[in-house]
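Here the protein sequences line up with chains H and V, keeping their order.
FYI, the numbering used here numbers position 560 of the first sequence as 789, with every residue one higher than the one before it.
FYI, the numbering used here numbers position 95 of the second sequence as 568, with every residue one higher than the one before it.
It is worth saying that the hints were derived from the structure and are not from the lab.
Ideal Cβ positions, reconstructed from N, Cα and C, are used throughout, including at glycine.
Where hints are given, some of them may not hold.
[Stated by the list, open to error] Have a look at the derived ranges for each label pair, beta carbon to beta carbon:
no.	chain 1	residue 1	chain 2	residue 2	range
1	V	M546	H	W829	29 to 37 Å
2	H	D820	V	R573	28 to 36 Å
3	V	M546	H	M840	41 to 49 Å
4	V	V547	H	F867	20 to 28 Å
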Amino acid sequence: MNESAHLWLIPLLPFAGFLINGILGSRMPRRLVSTIGVLAPLVSLVLVLSDFGATVITAASSCPTCGQVTALALPSVETLPYPWLAIGALHVDFSLVLDQLSMVMLLVVTGVGFLIHVYSVGYMHDDPGYARYFSFLNLFLFFMTLLVLAGNILLMFVGWEGVGLASYLLIGFWFQRDSAASAGKKAFIVNRIGDFGFLIGIFLVLATFGSVNFTQIAVRLAINPTQQGGVLTVVCLCLLFGAAGKSAQLPLYVWLPDAMEGPTPVSALIHAATMVTAGVYMIVRTHLLFDRSPFALGVVAIIGAATALFAATIGLVQNDIKRVLAYSTISQLGYMFLACGVAAYSAAIFHLFTHAFFKGLLFLAAGSVIHALGGEQDLRKMGGLRKKLPVTFWTMTAAVFAIAGFFPFAGFFSKDAILYAAFLQGTGGKVLWFVGLVTALLTSLYMFRLWYLTFFGESRSPKAHPHESPWSMRAPMVILALLCVCGGWIGIDSFGAYLAPAAAAHRPMPSGDPGIEFILSIAAVLVALEGWLIADKYYRRKPKRPRQLAAALPTGYKLLANKYYVDEIYGAVIVKPLLSVSKYVLDWIVDGAILGGLAWLLAGAASFSGMILQRWQSGNLRSYAAWLTAAAAAVLLFMLVPLLLAANGVDIHWTGVLR
Amino acid sequence: MSFLQHDVPLSWYLLLSAVLFSLGVIGFLIKRNLITVFMSIELMLNAVNLSFVAFAYQWHEVRGQIFVFFVMMVAAAEAAVGLAIIIAVFRARSTLAVDRIDLMKL
Numbered sequence: 230m231n232e233s234a235h236l237w238l239i240p241l242l243p244f245a246g247f248l249i250n251g252i253l254g255s256r257m258p259r260r261l262v263s264t265i266g267v268l269a270p271l272v273s274l275v276l277v278l279s280d281f282g283a284t285v286i287t288a289a290s291s292c293p294t295c296g297q298v299t300a301l302a303l304p305s306v307e308t309l310p311y312p313w314l315a316i317g318a319l320h321v322d323f324s325l326v327l328d329q330l331s332m333v334m335l336l337v338v339t340g341v342g343f344l345i346h347v348y349s350v351g352y353m354h355d356d357p358g359y360a361r362y363f364s365f366l367n368l369f370l371f372f373m374t375l376l377v378l379a380g381n382i383l384l385m386f387v388g389w390e391g392v393g394l395a396s397y398l399l400i401g402f403w404f405q406r407d408s409a410a411s412a413g414k415k416a417f418i419v420n421r422i423g424d425f426g427f428l429i430g431i432f433l434v435l436a437t438f439g440s441v442n443f444t445q446i447a448v449r450l451a452i453n454p455t456q457q458g459g460v461l462t463v464v465c466l467c468l469l470f471g472a473a474g475k476s477a478q479l480p481l482y483v484w485l486p487d488a489m490e491g492p493t494p495v496s497a498l499i500h501a502a503t504m505v506t507a508g509v510y511m512i513v514r515t516h517l518l519f520d521r522s523p524f525a526l527g528v529v530a531i532i533g534a535a536t537a538l539f540a541a542t543i544g545l546v547q548n549d550i551k552r553v554l555a556y557s558t559i560s561q562l563g564y565m566f567l568a569c570g571v572a573a574y575s576a577a578i579f580h581l582f583t584h585a586f587f588k589g590l591l592f593l594a595a596g597s598v599i600h601a602l603g604g605e606q607d608l609r610k611m612g613g614l615r616k617k618l619p620v621t622f623w624t625m626t627a628a629v630f631a632i633a634g635f636f637p638f639a640g641f642f643s644k645d646a647i648l649y650a651a652f653l654q655g656t657g658g659k660v661l662w663f664v665g666l667v668t669a670l671l672t673s674l675y676m677f678r679l680w681y682l683t684f685f686g687e688s689r690s691p692k693a694h695p696h697e698s699p700w701s702m703r704a705p706m707v708i709l710a711l712l713c714v715c716g717g718w719i720g721i722d723s724f725g726a727y728l729a730p731a732a733a734a735h736r737p738m739p740s741g742d743p744g745i746e747f748i749l750s751i752a753a754v755l756v757a758l759e760g761w762l763i764a765d766k767y768y769r770r771k772p773k774r775p776r777q778l779a780a781a782l783p784t785g786y787k788l789l790a791n792k793y794y795v796d797e798i799y800g801a802v803i804v805k806p807l808l809s810v811s812k813y814v815l816d817w818i819v820d821g822a823i824l825g826g827l828a829w830l831l832a833g834a835a836s837f838s839g840m841i842l843q844r845w846q847s848g849n850l851r852s853y854a855a856w857l858t859a860a861a862a863a864v865l866l867f868m869l870v871p872l873l874l875a876a877n878g879v880d881i882h883w884t885g886v887l888r
Numbered sequence: 474m475s476f477l478q479h480d481v482p483l484s485w486y487l488l489l490s491a492v493l494f495s496l497g498v499i500g501f502l503i504k505r506n507l508i509t510v511f512m513s514i515e516l517m518l519n520a521v522n523l524s525f526v527a528f529a530y531q532w533h534e535v536r537g538q539i540f541v542f543f544v545m546m547v548a549a550a551e552a553a554v555g556l557a558i559i560i561a562v563f564r565a566r567s568t569l570a571v572d573r574i575d576l577m578k579l
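Pulled out of the complex, with its shape left as it was, chain H reads as follows (with noise of 0.2 Å):
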């Protein structure tokens, strides 16, 4: 038996919380729009979590107890009667899938967002968009669980698209700040970039396996068990490449630093914990296809593992406490690809899992560290706010540990479980497992300075008075940090074994080993350890060493405190030669001389015709007789020469009409 699962009313509850207080919100009280705006999500993570019981309950259905209780049985599909589109062969259904992989996705997604729409109560509680906020944050709910729920690419691309307008519109929330406004446009502009890509991908398994349907592609996939390579690794690699848009990866992930002008929850809900993690999701929905295709396996792997590097090195020399985070992200994302490329599906989703948790965490903590400061956010004019912010101390402490590996916080279990895939993965999966290895003590190192220069050491900013921020906000940073420490504690075994009917390699795998795993594991809390010693050397015992070491290394200093002039290669080598092409060839020449000269020759001509024709109408009556009668006359000889041609023997046969 299976019990509807109301996947529909999942995004259309927050949907409808977008519409209220979006169209109403400016005239309602602030308690009637925060209840809405919270209630909303809500409901939703009330139907997931009783969908999920309702799995679970079928997955053990052998208790005798469990007759009464309504048993869920995935995947479960819900299609809505009428098509979407249909064009010929051509049939593209409104179909919601859950099965296990969406169910933990679902999870995430509604759970963290529930927990930050309400801590947004307390950290927005007097802004003048309070209204505007709640409604955009909501239609960020509605876009991603339609993303996630999606049962064919096509709808899934609806929902990619509205996260992205989503996330435009809450990074420019503050859009009276210019540099706000121009990050806002950044991250759409570059995201658009890799859409362009996911929208090839999205034709090419159009036409080559004439659906758009996951199901479908299973099962043309299945048909050809062979099949590998060619037109699939185009497909791969388009859709990596969309991917690589949406989660801030190499070479598109410049957007993701500067989405940091967004208010902080929202770094933590968009930019965090759920919408840039939609690209490795996207890679799990259709892993079937990279399955087939191991080129482009390798080249996800090594884009993730080459971002998961280069973000960290950048995250070390920020001050801004909150591109350190947004650096640590774009780590972070890349050992979920470096974990889709060895084809470790589950344990990239693991990963996503947990660090939806401890980052989204760690946004919230720095985010009550902003909010205590009155909006500060350089790290230089922090620290000695361990004692004044108890709470944020104690929970942003948890994940820290979390993200730096030790054991038995969550990050151990889902970096570790990735650190072994790679190890397994031959020889060049020994280059990425040694990768990744240097990554996470570069992360414990940035983490734990983050940590000491924040809530460690003398105060700063002297005149500063922080205060703990209000329960709405300790309360969800509280339930992260349970999360932080026990979330992991489901293990990858157990997880991965949930996931299997949905996230399972369909490749050869290669057998693992507990010893070598056991040792790994050791090493990565070991080098955890060393980034920790590190940093408490450089930034609590011998605070003015970082400087000195600035100092000693002026070249590399400035290269990485400089994000590795990325972005201004960017501005050379493709935005300034765009700028001019349009204003020279396609303004000037094209608009201006090309278009603009044609529609005047065009006008010109109009108009010199009729100041010619305007002569013909005179006014005067007589000039008119005489035009009518000279046309006249023209009728006449034009009947008569046939006539008289015709009396002097030459035939015409001109019209029917004259005879």
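With chain H held as given, fit chain V onto it using these hints.
Leaving out everything else, chain V in the frame of chain H:
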């Protein structure tokens, strides 16, 4: 009587008709007075009537004569409307010279 017994040839009627029509056209084109122009139009109509009647007689056809009645009827109606317009124009402009009636000029 001999004159009556010998039919006038058709061509003579047609020639007369053409001459009358041409006079009408010339008057239509060159006269300044609106009433004269109007009379020239009547002349053209009647020239055509003449050729209709002549053809009808020649071919023993009644249709030509019927057509003449139609033309006369239209001419009568036209005279009524046209004269009314001419009177209105004269009242408004105090002139009937066609080259002074040029309100429609650009």
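The hints, checked one at a time:
1. Remark: the range hint 29 to 37 Å for M546(V) to W829(H) is contradicted by a beta-carbon distance near 56 Å.
2. Restraint check, D820(H) to R573(V): a C-beta distance of roughly 52 Å breaks the suggested window 28 to 36 Å.
3. Hint check: M546(V) to M840(H), Cβ distance near 45 Å, so the stated range 41 to 49 Å holds.
4. For the hinted restraint 20 to 28 Å between V547(V) and F867(H), the CB-CB distance of approximately 25 Å keeps it satisfied.
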